[in-house]
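S.K.: Residues per chain, in single letters:
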Amino acid sequence: MDRRIILFLMFLFSVVGMQAQTGLAINPVFKGAVIPASRMVETSVRGRSLSQYHLSYYHSLRFEASKKELLTINSLFDQDRKQAIETYRIKKGSQTGKFIISLPPQGRTHRFLCLSFQNANVTLVYMEGSVGSLRELRKLLEN
Amino acid sequence: MNQQDDIQQLVNRFFEGDTTLAEEHRLYEYFRTHEVSEEWKPLRQMFLDMEVVSIPKTKATVKPLRHWHQSLMAAAAIFIGVIVVSIWFVHRQNTCVAYIYGQKVTDRAVVMHEVRNTMGIVTEGNPGVDHELKGLFE
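If you read the sequences in order, they're chains A and B. To convert, take the position in the first sequence, counting from 1, and add 3; that gives our numbering. To convert, take the position in the second sequence, counting from 1, and add 85; that gives our numbering.
I should point out that these hints are in silico values taken from the structure, not numbers from a laboratory. Each residue gets a CB set at the ideal place from its N, CA and C atoms; glycine is no exception. Take the hints with a grain of salt, since some may be wrong.
Unchecked claim - Dumping the calculated DSBU-like pairs for lysine-lysine here, alpha-carbon to alpha-carbon at most 35 angstroms:
no., chain 1, residue 1, chain 2, residue 2
1, A, Lys94, B, Lys189
2, A, Lys34, A, Lys71
3, A, Lys34, A, Lys95
4, A, Lys71, A, Lys94
5, A, Lys142, A, Lys85
6, B, Lys189, A, Lys70
7, B, Lys189, A, Lys71
8, A, Lys71, A, Lys95
9, A, Lys95, A, Lys142
10, A, Lys142, A, Lys34
11, A, Lys70, A, Lys95
12, A, Lys85, A, Lys95
13, A, Lys142, B, Lys126
14, B, Lys189, A, Lys34
15, A, Lys94, A, Lys142
Stated by the list, open to error - Sample of chain B residues lacking proximity to chain A, with all beta carbon distances greater than 12 angstroms (derived):
no., residue
16, Ile92
17, Gln94
18, Leu95
19, Asp103
20, Thr104
21, Thr105
22, Leu106
23, His110
24, Tyr115
25, Glu120
26, Glu124
27, Lys126
28, Pro127
29, Arg129
30, Val138
31, Asn202
Given these sequences and hints, build the entire structure.
M.R.: So this is what it looks like as structure tokens:
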């Protein structure tokens, strides 16, 4: 009996403890494994504050990266880009670029990942919500 | 007073209904483990029978109580677990936090300013962004 209760509680805690961007190659960057937390600005917003954007979760990182770090981040992002169902890309030379990808939805939740870099300044954003496409997302973000 | 006299006294008190449960068990144990005289043999059989009868009674009263107690504990543990998880889940559904170079900030205005800032970086652009997107999706 006691063992069953412990297993039930462990199951509950493991289910709710899952991270939104779990399963993505870029996840170690969001977890601070590539750039230490002391060198970046991280925001994590969930719920009512994002309702105007039709998003349910917004997780962003902003930091300055060395060339080696930028290569690592690009490499991880490229792995996620392979499973993208929609991609938006702007690249100006090797110093400036922006990629927004739409990841396969999880049920009714659509997921987007954005990587923007200008020289050493990098912005990485993970978003999820009911927004169905990059076009719709762009419109909501611009308004 | 030797043990046999002691037992004789207990037997007398037993028939007068003055013995405690512990004393009755002492009698049961004595008659189960000792050889007795012919005179006490009918008593021996009686006490052995009474001991057998008393065992299921004890189990029958204790077991349901234990099961009831365990069920209550299980229900309480699950209830507390569900409450804790629900509170945590509701709280998690409405988080608004920023870590600015390692410093935790929970001021909604500051966090949302940073969100708009990064959103701006995502959507900003050079004039070509709008054009490229239009070209891409239309």
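S.K.: Which hints, by number, does the structure contradict?
M.R.: Numbers 13, 31 - these are the hints that the structure violates, sorted from lowest upward.
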